[in-house]
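First to last, the protein sequences are chains Y and F.
If you count by numbering that gives the first Met the number 0, then the first sequence holds residues 0 to 207, one letter each, in order.
If you count by numbering that gives the first Met the number 0, then the second sequence holds residues 0 to 298, one letter each, in order.
Derived from the structure by calculation, the hints contain no laboratory data.
Treat the hints with care, since some could be wrong.
[Claimed, not checked] The calculated label-pair distances, taken between Cβ atoms and stated as ranges, are:
| # | chain 1 | residue 1 | chain 2 | residue 2 | range |
| --- | --- | --- | --- | --- | --- |
| 1 | F | Lys31 | Y | Ser1 | 54 to 62 Å |
| 2 | F | Asp99 | Y | Asp199 | 49 to 57 Å |
| 3 | Y | Gly36 | F | Val177 | 23 to 31 Å |
| 4 | F | His100 | Y | Gly146 | 41 to 49 Å |
| 5 | Y | Gly62 | F | Glu210 | 33 to 41 Å |
| 6 | Y | Ser1 | F | Lys122 | 21 to 29 Å |
| 7 | Y | Ala61 | F | Glu210 | 57 to 65 Å |
| 8 | Y | Ala61 | F | His100 | 28 to 36 Å |
Yeah, the Cβ is synthetic: ideal placement off N, Cα and C, and Gly gets one too.
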Amino acid sequence: MSDLNTQAVAKYRNNFLKEVEACVEEGDWVKMCMQCGVCSGSCPFGPHWDHPPQELFMMIRAGKREEVLTSSSMWMCTSCYNCIVRCPREIPITHIMHGLANYAHRLGLAPKNQPTRHFSGLFWNNIIKTGRVNELKLSLGLYFRDGLVSGIKVGMAMASVGIGMVLAKRLNPIELIKPHGCKDTKGIHAMLKKAREIEDRRKGLTAA
Amino acid sequence: MATKEYAFYPGCSSQPGASASNYLTSVNSMCKTLDIKLTEIPDWNCCGASIGYAEGGELPRHAMNARNLAMAERELPGQKVVATCAACWLSARETKERLDHNSTMRADANEALKEAGLEYQGKAEVMHMVEVLIEDFGYDELKKHVVKPLEGIKFAGYVGCQTNRPFGIDGESFENPVYLDKLVETMGGEAVAYDQKVTCCGGALAFSEPEKSQKQIKDIVESAYDHGAEMIVTPCPLCQANVEIYQGAVNKRYGTKFNIPVLYYSQLMTLAYGGSAKEAGLDGHIIKAPKLEAFAAKK
Chain Y
0 MSDLNTQAVA
10 KYRNNFLKEV
20 EACVEEGDWV
30 KMCMQCGVCS
40 GSCPFGPHWD
50 HPPQELFMMI
60 RAGKREEVLT
70 SSSMWMCTSC
80 YNCIVRCPRE
90 IPITHIMHGL
100 ANYAHRLGLA
110 PKNQPTRHFS
120 GLFWNNIIKT
130 GRVNELKLSL
140 GLYFRDGLVS
150 GIKVGMAMAS
160 VGIGMVLAKR
170 LNPIELIKPH
180 GCKDTKGIHA
190 MLKKAREIED
200 RRKGLTAA
Chain F
0 MATKEYAFYP
10 GCSSQPGASA
20 SNYLTSVNSM
30 CKTLDIKLTE
40 IPDWNCCGAS
50 IGYAEGGELP
60 RHAMNARNLA
70 MAERELPGQK
80 VVATCAACWL
90 SARETKERLD
100 HNSTMRADAN
110 EALKEAGLEY
120 QGKAEVMHMV
130 EVLIEDFGYD
140 ELKKHVVKPL
150 EGIKFAGYVG
160 CQTNRPFGID
170 GESFENPVYL
180 DKLVETMGGE
190 AVAYDQKVTC
200 CGGALAFSEP
210 EKSQKQIKDI
220 VESAYDHGAE
230 MIVTPCPLCQ
240 ANVEIYQGAV
250 NKRYGTKFNI
260 PVLYYSQLMT
270 LAYGGSAKEA
280 GLDGHIIKAP
290 KLEAFAAKK
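For reference, chain F alone in the conformation it holds in the complex (with noise of 0.2 Å):
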């Protein structure tokens, strides 16, 4: 039997072929040096994402995301749903907190869930798998898996905005979070200090105001640069596209020559836990990580 069980809700972007695909992979593979046992939540949905407001309005949406709270309860009673996504996580843990405090909204919802044979009870709790990490496992816990610490490696620990405001990581500033980089020293790496953990790439926006949103990344980027980072790693998936995919335009527009790795903070668990390249998914990167590669290659 696994150490830990949870009903496990992915979000579109962790599919196979999807944008964030390789998240998974790394997830999966940490998840297995960490005996953590994922059951997806059956036919779960999309969460609607912050962006989906101008059709969605209110309701709709919470009643997708209690739509997947109310298949988590039925079908995997008991356990905590945990999510990947910092958006799918935000909307879930948006809807719980909103359903479970204002009672007609609940009803509202729970008479549109009866359209879909559900009915929200409020019994599970909601968490994204870095709090999983640290406050079901915590750093000590972690480190005794690593065989491999990653040794010399700088590495700029780019929080964003969805896992950490509102809710965020129990404990921890908005301002200056510290979680992601005490996980980097955790895994043996560097974490160097930067002033733009905590900006916001852009988000959706990223499609809709590209000009906008790539001064932001450019920011970002520039800063971790300046304080000597070689790689970037975040927890969010839509921080993790946005500011990889495009440093090439920004190039273009800046005339700056950007080409800095951004990974997930799993991808790096994986390699300290002495996964292979492919277990931690590199190959899914528009922007490859060669030193990483070396890294999984060594023995």
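Chain Y with its partners taken away, still in its complex shape (with noise of 0.2 Å):
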């Protein structure tokens, strides 16, 4: 991973600006931002954020790539999509979230034990398995991401919901043994193997 981020610094030199537009998601949006602050007057978690998009989106412009892509402030966007109507730009500021989220990931310089970063990373190959989202072993892979015995004091901590969950036929332990699925996983794989490549083809996330 630290040999794309190499490989990123020697294109893109001192222009972060520009690696952003090439690399991120609806990152050539970012040079329209004005600056006004309304964004992170928006943000649910906003109070949380080192860095609130607006101060992001200027550190990207001043070449702070370092400060960005190590921050672990766009990992706490709910994706609740505030920031994007009230902008008057309409800037796609959650995307772009994301999308630095995920190419903060991609090259290794995400912090490392983020819990968003671990959750988003665990939902995505827990969905992709079979297709579809398999909620029990999602939990348990959550509450068991520190070691067993942190796993199982949350655990019983979440006991309650999780029986009150399985009573009302919401959560079913049989998930385990036998999760919901797609018929065709061979081909919903092979197809994300192809969208992955022409991906990380398109933002230069293949080693040269």
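Hints in hand, dock the two standalone chains.
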């Protein structure tokens, strides 16, 4: 992964804005930001972001590559789309936040223990296995991220919720052995492999 | 023949034994009354939701949604695709918008889809079930089927994020959408005015950032109580789950005594249309709604 990072640094040198425009989802919108700050004030988790969106946009333009890509900020996006609908320039901010997080993750620069980074990866790997979400495995994967002991502890704390869900027939223990899924998982896997290949080529995420 | 037919995208959470299985139960009952025929898109897959971005990137997520749309185009030609889940609807619509307006993205998605033997042509329209109700039926038509109005029951219509932004329901404002209130009133219930109607519940971050999300949930529930609501009603499976199941955790964290039922619009409609508690999926709640159970039992 760090090879990809070295490669990107060499390619774009000091022009981080150009790099974001080429490699980040909807990145070519960044230069449209006029620094009004409505996005930052509209974000539900805004107070927890080290750098709210408008600040990230200015940092990108100022070439603060490492500060941006190692930031935990964009990982706190809840995908509520409040920033998008309020932005006077109609910048697709939510998508840019996802794009920055994805790019940082792929380059190996995203903060290692960021909980949403972990959950996001867990979720994707969960759904592509059978083509559909396995809610039970997803919850268990989350509880046990810090090992067995802590997993049992979190699991116990959440037990009343879990039992309630099972009783309400909204969580099925059978999912562990006989999960829901698509028939054509082979086709889905081949499709996703190809999609990733194309995306990596377009975004320069393949080793030279 | 049914009045209206749609290609149905139920989504992962609506499957039997999944977190919104009772949503589907009530949607099926509601559709029976309205004579809507829903045909599942064969072998549909997960939309990737918003949270899949770290590993899923851009094109792989669009490919997932394009697969569903391509399958609907091929197997259920001429039918609109309807989703009941906010995230499924949003993701499918986002993909449609991107592929219909960006020829490179569309060519790339089709190159990937070819591996699964499919092609996206952009023929199928994508709707949320609420859009079907409002745009293809309309409040007057929906009201005609009411046999038991939900008189005297006060609901806080919790619209949340993803059925509201960025697409929303045609003609509605992002800051104060009124369609859910209107649906409640159409069913004879009372919609209370409160200030957390479009507040985010934390979404998928309820799992990864529980503390921050539970603050959101607390604000929503508190406001609903403060404005006299007896129950909360929502069109989104994740809003429903988050706001219902974490009330216990919120109580522990904040010393509150929250215990407010959180329902789907389709459950209210099923009951107002004369359906039983079972047909409305009332058995699928952790926080029960005894008032509605009694209402359903009443002849």
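Results of checking the hints against the structure:
no. : hint                                 : in the structure
1   : Lys31(F) with Ser1(Y): 54 to 62 Å    : holds, 58 Å
2   : Asp99(F) with Asp199(Y): 49 to 57 Å  : violated, 24 Å
3   : Gly36(Y) with Val177(F): 23 to 31 Å  : holds, 29 Å
4   : His100(F) with Gly146(Y): 41 to 49 Å : holds, 46 Å
5   : Gly62(Y) with Glu210(F): 33 to 41 Å  : holds, 34 Å
6   : Ser1(Y) with Lys122(F): 21 to 29 Å   : violated, 45 Å
7   : Ala61(Y) with Glu210(F): 57 to 65 Å  : violated, 32 Å
8   : Ala61(Y) with His100(F): 28 to 36 Å  : holds, 31 Å
Violated hints, listed in ascending order, are 2, 6, 7; each of the other numbered hints is respected by the structure.
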